[in-house]
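**Student:** What follows is each chain in one-letter form.
2 protein chains.
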Amino acid sequence: MDEELISSLAVKTDSKLVLLVIDGVGGLEVDGMTELEAAHTPNLDELARKSICGVTDPVSSGITPGSGPAHLALFGYDPLKYTIGRGVLEALGVGIELGPRDLCCRGNFATVDPSGVVVDRRAGRLPTEKNAELCRLLQSQVGSIEGVEIGFTSGKEHRLVVVFRGGDLSDKVSDTDPQKVGERPRPASPLAPEAEPTSRLVNSVVELASQVLSRQSPANALLLRGFSKCPDFPSMRELFRLSPAAIATYPMYRGLAKLVGMEVLDAGDSTEEEFATLKGNFYKYDFFYIHIKKPDRYGEDGDFNGKVMSIEEVDEWIPSVLELRPDVLVVTGDHSTPSLLKSHSWHPNPFMLYSLHCRSDGVARFTERECRKGGLGRFPAVEVLPLMLANGLKLKKYGA
Amino acid sequence: MDEELISSLAVKTDSKLVLLVIDGVGGLEVDGMTELEAAHTPNLDELARKSICGVTDPVSSGITPGSGPAHLALFGYDPLKYTIGRGVLEALGVGIELGPRDLCCRGNFATVDPSGVVVDRRAGRLPTEKNAELCRLLQSQVGSIEGVEIGFTSGKEHRLVVVFRGGDLSDKVSDTDPQKVGERPRPASPLAPEAEPTSRLVNSVVELASQVLSRQSPANALLLRGFSKCPDFPSMRELFRLSPAAIATYPMYRGLAKLVGMEVLDAGDSTEEEFATLKGNFYKYDFFYIHIKKPDRYGEDGDFNGKVMSIEEVDEWIPSVLELRPDVLVVTGDHSTPSLLKSHSWHPNPFMLYSLHCRSDGVARFTERECRKGGLGRFPAVEVLPLMLANGLKLKKYGA
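Top line first, the protein sequences correspond to chains A and B.
Start counting the first sequence at 1; every next residue gets the next number (the numbering used here).
Start counting the second sequence at 1; every next residue gets the next number (the numbering used here).
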């Protein structure tokens, strides 16, 4: 897929496109059936009968994607060309708003022995509440160095995000996390000449934090990795002439949507509120990304039945989307999360696209194996957005 | 497929992958059925029902591959990026062990008239025994020039391989074979400045050989072409973190496996011995390539029934492979060899991959047309290895 080609053909029209992403919806068989096959989904199945179906590879054969690349592909961005640093993704995940000059990284609270050697990279996976308390402590003691503001935001268990704000900061800085026990934390070092001041700053922060944490147990050290800055992606407005809006309850997906220039709507924290947000804002935008998190969470937990039920819950909302009469409605996953594997996987995503000119293909159920027989076959997820634009009559002819 | 991406995600695990290559297995219909469709293959068919199936293009649509590119693709090497010189392939085919500095080329015994003009490029396709006798004669008379050892190895009929060993040799040397009758053999000439000494050496060899052969009839001249050296490919160990072993009875396939760093096992010279070798070495490696030659040979001979029987023979060995409990088992061809065409062809290869998390697709028979309906659809053969790694849980997640 060549986004410059798509960009050169995209035109602004009134048609409205809806991309419904059911996170991790694809699965694997348990007792002969996948989660989708086991679910009772009359509305999704009826939509499949009117749609063109297929399965998508988020990146390529055999590649298991993280949420970042999987979503970028669905938004029309080549996930091998457009990459997002680990620190930035972690920051998006905890809901931090990053400016273009901010530097951020992932952090672990860890345990070092009296000689300074790491003995536990996760400080016994300390309680999240203790993590929050330590972040507040660090914030009060190490909130600013040499005119640079330092922000400590707690994540779950031992995880935190550190943001450096102010001045001319570089992300070409090596990790301080040795990634294994039995070694000392490494000093940050510059990976390019211009990163010299930043790496000195990082080392000062780590040293001060060590002093602050020295009386704590077991979290008496801070390990940093994945220094990165917000990528400067062209927006979906620039690339595809869309006015896009995002409806998602989790910070990670709201952050990803913002990276490609979507307007992030206030979507509450339930599926019901998400679909109400779609309805209430339908007149305002021409592209809607709605993200449903639950099936992925149940998949990660290995909870087959929970995933089945969460899929059935989504199914009940399909009529309310169709009532809005979108010109194009896509239902798919970002990646598969089989409860059998308890993790993201490489398996292609079931996909269906409904529009008045989709050339429906007789697929009778929205499942992995039925969609595979559909008119689109197996194809790269980065082609989803061009297909949506085309079905919304938003792409001019190529050549004469 | 981006092998750098795969390489960056590959991890070492204990899972065991088996790639069973049935050479030339794909075919074309005679009386409505292909060789696979005509064959009785209960074991392959039962495996297909538990597998994910598809068909692979070795290179791209319509391209008929030689054994070299077809195998490189299956080993995870882009066959358009990784190329092997004709001389080297010929040398591998007759079982010559090439060092990194050795130069080799293909040769023909030919007939020239008294004025030196080529009248038969193949010397009447002289008997293979005569060829061997002439090679021994040349070896005794032209075994060494200017400190460089010259090795003459006979092939079938008029074909031979010449190896130059010692000193700083270049492969940037033009053919001496004019490729048509009615012309004189051409002097080798340098295709780059550094090849000047090598091309002089080659011309000395040709001249000496002509003197030696001048009293022979009809093979009174030597034509050389395809000067090449062993390519320096990254190994499968480096690229994919595998400990790979090859089980093949023919020198060509053993040589190809060696080029990508496989350990070539002593596999005897029968299918039975090959599968015994797999069993005996199964604990030692984590990737096994097994090559079955017969179906290709029958295909090349246009022997439909012979090919059917050779496929049925392979089928009988499938249970013995499954008894070893490989984590991933792939059965496919390198290229098609329809007996109708008596040659390699461009038709995609039937493919199936069995693992505990393959997402089986209901394909009921291992045939070209049934596999085409499978969950993987039609895809490039170079994606086979990433899929095997993924199914063996040997690939980390891409991005977060």
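In case anyone wonders, no lab produced these hints; they're calculated from the structure.
A portion of the hints provided could be inaccurate.
Identical copies go unnamed one by one, so any copy, or any two together, can satisfy a pair.
Claimed, not checked - Only pairs whose alpha carbons sit at most 27 Å apart, straight line, appear in this in silico DSSO-like list of lysine-lysine:
| id | residue 1 | residue 2 |
| --- | --- | --- |
| 1 | Lys156 | Lys279 |
| 2 | Lys397 | Lys81 |
| 3 | Lys396 | Lys172 |
| 4 | Lys12 | Lys258 |
| 5 | Lys50 | Lys342 |
| 6 | Lys293 | Lys50 |
| 7 | Lys81 | Lys396 |
| 8 | Lys50 | Lys373 |
| 9 | Lys81 | Lys279 |
| 10 | Lys229 | Lys16 |
| 11 | Lys156 | Lys50 |
| 12 | Lys229 | Lys180 |
| 13 | Lys156 | Lys396 |
| 14 | Lys279 | Lys294 |
| 15 | Lys16 | Lys172 |
| 16 | Lys284 | Lys156 |
| 17 | Lys279 | Lys342 |
| 18 | Lys12 | Lys229 |
| 19 | Lys284 | Lys16 |
| 20 | Lys279 | Lys172 |
| 21 | Lys180 | Lys397 |
**Student:** Run every hint past the structure and note whether it holds.
**Tutor:** Results of checking the hints against the structure:
Neither within a single protomer nor between protomers do Lys156 and Lys279 lie at most 27 Å apart by alpha-carbon distance, with minima of 33 Å and 47 Å respectively. Taking the shortest alpha-carbon separations for Lys397 and Lys81, both the intra-copy value of 26 Å and the inter-copy value of 17 Å come in at or below 27 Å. Within a single copy, Lys396 and Lys172 get their C-alpha atoms only as close as 42 Å, which misses the 27 Å cut-off; across copies the closest is 24 Å, which meets it. Taking the shortest alpha-carbon separations for Lys12 and Lys258, only the intra-copy value of 21 Å comes in at or below 27 Å, while the best inter-copy value is 37 Å.
In the homo-oligomer, the alpha carbons of Lys50 and Lys342 lie at most 27 Å apart only across protomers (21 Å), although the nearest pairing inside one protomer, at 32 Å, exceeds that limit. Proximity of Lys293 to Lys50 under the C-alpha cut-off of 27 Å is restricted to the intra-copy arrangement: shortest distance 26 Å within a copy versus 31 Å between copies. In this homomeric assembly, Lys81 and Lys396 come within 27 Å of each other (Cα to Cα) both inside a single copy, at 25 Å, and across copies, at 19 Å. With identical chains, the CA atoms of Lys50 and Lys373 are at most 27 Å apart both within one copy (14 Å) and between copies (18 Å).
Proximity of Lys81 and Lys279 under a CA criterion of 27 Å is satisfied in neither setting, with 34 Å inside one chain copy and 44 Å between copies. Taking CA atoms no more than 27 Å apart as the test, Lys229 paired with Lys16 passes in neither setting, with 33 Å inside one copy and 40 Å between copies. Taking identical chains as interchangeable, the C-alpha atoms of Lys156 and Lys50 are never at most 27 Å apart, the minima being 43 Å within one chain and 40 Å between chains. When the C-alpha separation of Lys229 and Lys180 is checked against a cutoff of 27 Å, the pair qualifies only within one copy, where the shortest distance is 25 Å, while the shortest distance between copies is 43 Å.
With identical chains, the CA atoms of Lys156 and Lys396 are at most 27 Å apart between copies only, with a shortest distance of 22 Å across copies and 47 Å within one. With identical chains, the CA atoms of Lys279 and Lys294 are at most 27 Å apart within one copy only, with a shortest distance of 21 Å there and 45 Å across copies. When the C-alpha separation of Lys16 and Lys172 is checked against a cutoff of 27 Å, the pair qualifies neither within a copy, at 41 Å, nor between copies, at 39 Å. Proximity of Lys284 and Lys156 under a CA criterion of 27 Å is satisfied in neither setting, with 36 Å inside one chain copy and 41 Å between copies.
In this assembly of identical chains, the alpha carbons of Lys279 and Lys342 never lie at most 27 Å apart, being 33 Å within a copy and 32 Å across copies at closest. In this assembly of identical chains, the alpha carbons of Lys12 and Lys229 never lie at most 27 Å apart, being 32 Å within a copy and 31 Å across copies at closest. Within a single copy, Lys284 and Lys16 get their C-alpha atoms as close as 10 Å, which meets the 27 Å cut-off; across copies the closest is 54 Å, which misses it. For a Cα distance limit of 27 Å, the shortest separation of Lys279 from Lys172 qualifies neither inside one copy, at 44 Å, nor across copies, at 50 Å.
Taking CA atoms no more than 27 Å apart as the test, Lys180 paired with Lys397 passes between copies only; the shortest distance there is 20 Å, against 55 Å inside one copy.
Taken one by one, the earlier hints fail for this structure at numbers 1, 9, 10, 11, 15, 16, 17, 18 and 20, listed in ascending order.
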